[in-house]
Every structure is written in C-alpha cells, then in structure tokens.
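Peer 1: Each chain, written out:
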Amino acid sequence: MPLFPLDKVTPGMKTAAPVLDSGGMLLVREGAELTPELIERLRNRKVPAVDIFLGGSQPSSGTPLAVTDPDAAQAALAHAFEKANAHPVMKALFDAASERIRAGRKK
Amino acid sequence: MTVTGSPGSDRLRRVVDRIQGLPTLPAMLSSINRLMVNPRTSAKEIAQLISSDPAITSKVLRVVNSSFYGFPNRISTVTHAIVILGFNTIRSIVLSTSIFDALRKSQPSHGFDRAAFWRHSIGTGACSRVLARKLGFTALEEFFIAGLLHDVGKIALDSYLPEDFGKVVAKVREADITMLEAEEAVLGVNHADVGGWLLQKWSLSQGLVDAVARHHSPALAGENLKPAAIVHFGDMLARALQIGSGGDRRMPTLSDEAWTVLGIGTDSFPALLAEGSEEADRAMVFLEFAR
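If you read the protein sequences in the order shown, they are chains A and B. Under our numbering, the first residue of the first sequence is numbered 1, with each subsequent residue one higher. Under our numbering, the first residue of the second sequence is numbered 1, with each subsequent residue one higher.
Treat the hints as calculated values from the structure; they're not laboratory data. No residue lacks a Cβ here, since even glycine has one placed at the ideal position from N, Cα and C. Among the hints, a few may not be true.
[As the list claims (entries may be wrong)] Selected chain B positions facing chain A (in silico; Cβ < 10 Å):
| id | residue |
| --- | --- |
| 1 | Thr57 |
| 2 | Asp113 |
| 3 | Thr138 |
| 4 | Met251 |
| 5 | Leu254 |
| 6 | Trp259 |
Next up, chain A with everything else stripped away, as it sits in the complex (with noise of 0.2 Å):
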C-alpha cells in the first residue's frame, strides 16, 4: 500500500485504505477506481497523498505481512525514511533494508 503524492495519481488507480479529509470525513472510500473528478474532488480538499492498490491480495482487511511488490516496497522504505536518513544510524537501518528489498530475499 505505497502512498503515492497526489500530483502521482492517475484515473484507473484504486485506493489501498479510506481517504479522509483534515476534519476526518470521507471523501473517498477503500477499494474505490479513481476517476479524474475524484482526483479533481481531493485537489480541492488539498489532500497530499492517497494511498494506492498496486495488486496482490485485497486492500487493508487482508494486508500482506509485508509489502512483496519490490519496487513498491522500495518507494514505501524510501518514504519512510525521507527524513530520518539525517541520522547517520538510521541511513545505516535504511541502506540494510534497501539491500534485502534488492537481494529478494523473503521479508
């Protein structure tokens, strides 16, 4: 379930998890295809980010163990990271991480 910025999201996409706005209504439901008015609707409600389905097993009530899409996992790890990476330890726990999501091996 990558969180893909908005400005990512293309029509045909599905969403990975419920998408709220800041006073916690919905605005798009889990499991929804994105249309270009639905990407219009969240441009408006300046939503940054939507989580996106990219395959496998069903959205969040099954979610893998852990994300099995190499490059999905890579972009998500690279996210998480963004800011910790300033701390040398953490880049070093984030380099560890790449290199398995690169090596294959089961996570």
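Position chain B relative to chain A; hints supplied.
Peer 2: Chain B in isolation, oriented as in the chain A frame:
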C-alpha cells in the same frame, strides 16, 4: 510511569478519564502470579490452574506447538509445556493471548487498519525479542510482550475515543506525519502515554509499563531504560522490514540515548533484519487470537 507524576499528566488524565468500560484481564493471571512468587509451587499446580480454563489451555497448546517455539514433537499437556518452556514463558503466553482476547472484542473505528496494526505489533514483538537475545537477556518473552503491546494505546483510543482518534488518523493522512506527532497535535497526549496507563490499570509489571509508555522516549524510562530502548529499536526494525503498519508512513525519531545504551553497531543490521523477519513469520501464530 504514573499518571499523576508524568509530564503532561493533566492532559493524560483528561483523556483517560473519558475512556470508560475497558475490558479486564482474566482473574487467572493474578492467580498465576500469586503461585509463581511461591518457590514451592510445582509445575503441576500451575498446570492445574491453567487447565481449569479449556479456552486458555487450547490457546497455550496452540502456541507452544507452533513454529514460534519449533519443538519437533507435539506437546499435549500444559504440565509438559511448563516443564519444557518454564513458568515465565507459559505465563507470557497466557498474558498475550488474554490481551488479544480482551482487545479484539472492542469495536474498530473507520480508517484504522487493525489487521495491519496487529501485524506491526507482532513484528515489533519479534524484533524486540531478537534484540533482547542479542543483548544477552534471558527473559525473552517479556520483550516479545512489550513489543507486542507497545502501541496498545492506539487500540484504546480507537475503541474508546473514536471521534478524537478519527481526527488523528485524518491528520496523519493529511499532513503525512507520524501517529505520535498527530496525537500530540490533536489530543495533547500520545498512544505511548495511554498504553502505559492501560497496562498500569491492568496491574502489569513496572518494567512492561515503562517499556510501553516510554518506547518513543526511552531516556525517561529511568531504571527501565534498556527495555524501553529495545522496544524503541524493535519498532524501528519492524518498520524497516515493513511488517504491517502502525498507522503512519514515516519513521519516528531515533533516541540517541536508546542507541547508546543498546551498544550495538550498524554492521549488525543485516543480521538483525534477517532474524527479525524470520522470528516475525513464526510469531504470526498470535494473529489468530486477534480475530
């Protein structure tokens, strides 16, 4: 950690005072604790107590026969399990399955993925256990439980203050920040404070309370700095392995005090991640108790 003495205790009091109708843990747990402090207690006595509850007995046997412990031959009685695994391990299994049982009945709100949450919790328990083993601790189950329960405050907030917690979840999504940051901004307290309060209410050990309450601020854990540091970094390992999700997409801030007290090198990360991943796979037997 006490509610009255901790930083921000007034804010914590205001939040937890609104949490009503919390589940209780089975009376069997205090009976086990009472028996265990008596050095003359035999395995048979504790086994008789556990065996008096068929539901708990079947859960204990399910866990001891899983790949988490990896015994080649089937263990068919609680007495046999105690002889092989020891009192502490069996008590930990009873405690963890009881907590799953108590919390799974609570109603989840919308927007918080409980399945992913429990996977992250089990992953953190497994990684904390691996770290504790590396640091030479022997009571490994205590660390598994501390990791398993590190985010239990989120479940309490999700179940008993769903409106407020819904705002936290929305803030995490909107601002792409950690749950901790969003909770502080929305509620003025965080899930670690609430989790510590809950475990204290359940009369669990001070080591467990501190490890949970201080898993984002180990430097404040006093004499339990090391257990809190282990859970703090166990959480980091589980996140790096992307096991489930605690509800956010960002790594929390590393505590330098925790890193120093752990005394490990960054060259140990590949092995820790490999062991943590394998241990988490085996520990997923606990997931069935969360359903």
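Peer 1: Which of the stated hints cannot be reconciled with the structure, identified by number in ascending sequence?
Peer 2: 1 and 3
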